[in-house]
Amino acid sequence: MASEPTTDEYINIQGKFIFSLEFDTLPPIVAGSRVVVGIKPGGPARGRINGQMIAPSSDWITLKSNGSIALDVNVVIKTNDGHFIYQKMVGYSIREVDNPSNSIIRSSAMFETSAEPYKWLNNMILLGHGTKQGSKIKVNYYDTKDPMAD
1140 MASEPTTDEY INIQGKFIFS LEFDTLPPIV AGSRVVVGIK PGGPARGRIN
1190 GQMIAPSSDW ITLKSNGSIA LDVNVVIKTN DGHFIYQKMV GYSIREVDNP
1240 SNSIIRSSAM FETSAEPYKW LNNMILLGHG TKQGSKIKVN YYDTKDPMAD
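Using our numbering, you'd call the opening residue of the sequence shown number 1140 and step up by one each time.
Hints listed in this document are in silico derivations from the structure and should not be mistaken for laboratory results. Just so you know, these numbers come straight off a predicted model, no measurement behind them. Glycine is no exception: its CB is placed at the ideal position from the N, C-alpha and C atoms. Worth double-checking, as some hints may not be accurate.
Below, in silico cross-link-like pairs of lysine-lysine (DSS-like), each with a Cα-Cα straight-line distance of 30 Å or less [stated by the list, open to error]: (1) Lys-1179 with Lys-1227; (2) Lys-1271 with Lys-1227; (3) Lys-1203 with Lys-1258; (4) Lys-1275 with Lys-1227; (5) Lys-1203 with Lys-1271; (6) Lys-1203 with Lys-1277; (7) Lys-1203 with Lys-1227; (8) Lys-1277 with Lys-1217; (9) Lys-1227 with Lys-1217; (10) Lys-1155 with Lys-1271; (11) Lys-1155 with Lys-1217; (12) Lys-1217 with Lys-1179; (13) Lys-1179 with Lys-1258; (14) Lys-1155 with Lys-1258; (15) Lys-1277 with Lys-1227; (16) Lys-1227 with Lys-1258; (17) Lys-1275 with Lys-1155; (18) Lys-1271 with Lys-1217; (19) Lys-1277 with Lys-1155; (20) Lys-1179 with Lys-1275; (21) Lys-1277 with Lys-1258; (22) Lys-1275 with Lys-1217; (23) Lys-1155 with Lys-1227; (24) Lys-1179 with Lys-1203; (25) Lys-1258 with Lys-1217; (26) Lys-1271 with Lys-1179; (27) Lys-1277 with Lys-1179.
Across the chosen pairs, the derived CB separations fall in these ranges [said to hold, decoys possible]: (28) Pro-1195 with Ile-1150: 30 to 40 Å; (29) Pro-1167 with Ile-1243: 13 to 23 Å; (30) Asp-1211 with Glu-1255: 41 to 51 Å; (31) Lys-1179 with Lys-1227: 11 to 21 Å; (32) Lys-1217 with Pro-1239: 31 to 41 Å; (33) Asn-1262 with Glu-1235: 29 to 39 Å; (34) Pro-1195 with Tyr-1149: 14 to 24 Å; (35) Asp-1237 with Trp-1259: 35 to 45 Å; (36) Pro-1239 with Trp-1259: 35 to 45 Å; (37) Ile-1150 with Ser-1274: 27 to 37 Å.
Full structure from sequences and hints, please.
Right, dumping it as structure tokens:
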């Protein structure tokens, strides 16, 4: 069994690409510390999941007092073979200093579906790495291998 990592060392986490989402956002609605951002339907999902995002899909952002942006995204994907997958994504958007309309996205995603070909997603937590350029967002999702499991 592998030894426990220490708090001052980095470990290598291996990731296997599962799929990507690309989408455009709608104009935001500001409600106190919340910003509700709709997601335009039709953004593609590519990889082991192929289809497109459909309504209702949105991000309920929380603007934190320290300036960070907490993401709370709920997405419905209609697969090319006619099934529906719900995706819950939480994470952070870290704005570029020189251009705050651009950012990097770090997140985790969980899924629910009753569709037999996609039930493998129901027990997955995927790691998301993405970017935002203006209103365009792309996030790649990876299944990670636990380095402590070896």
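Query raised in the report: Of the hints given before, which are not true for this structure?
Result: 3, 30 and 34
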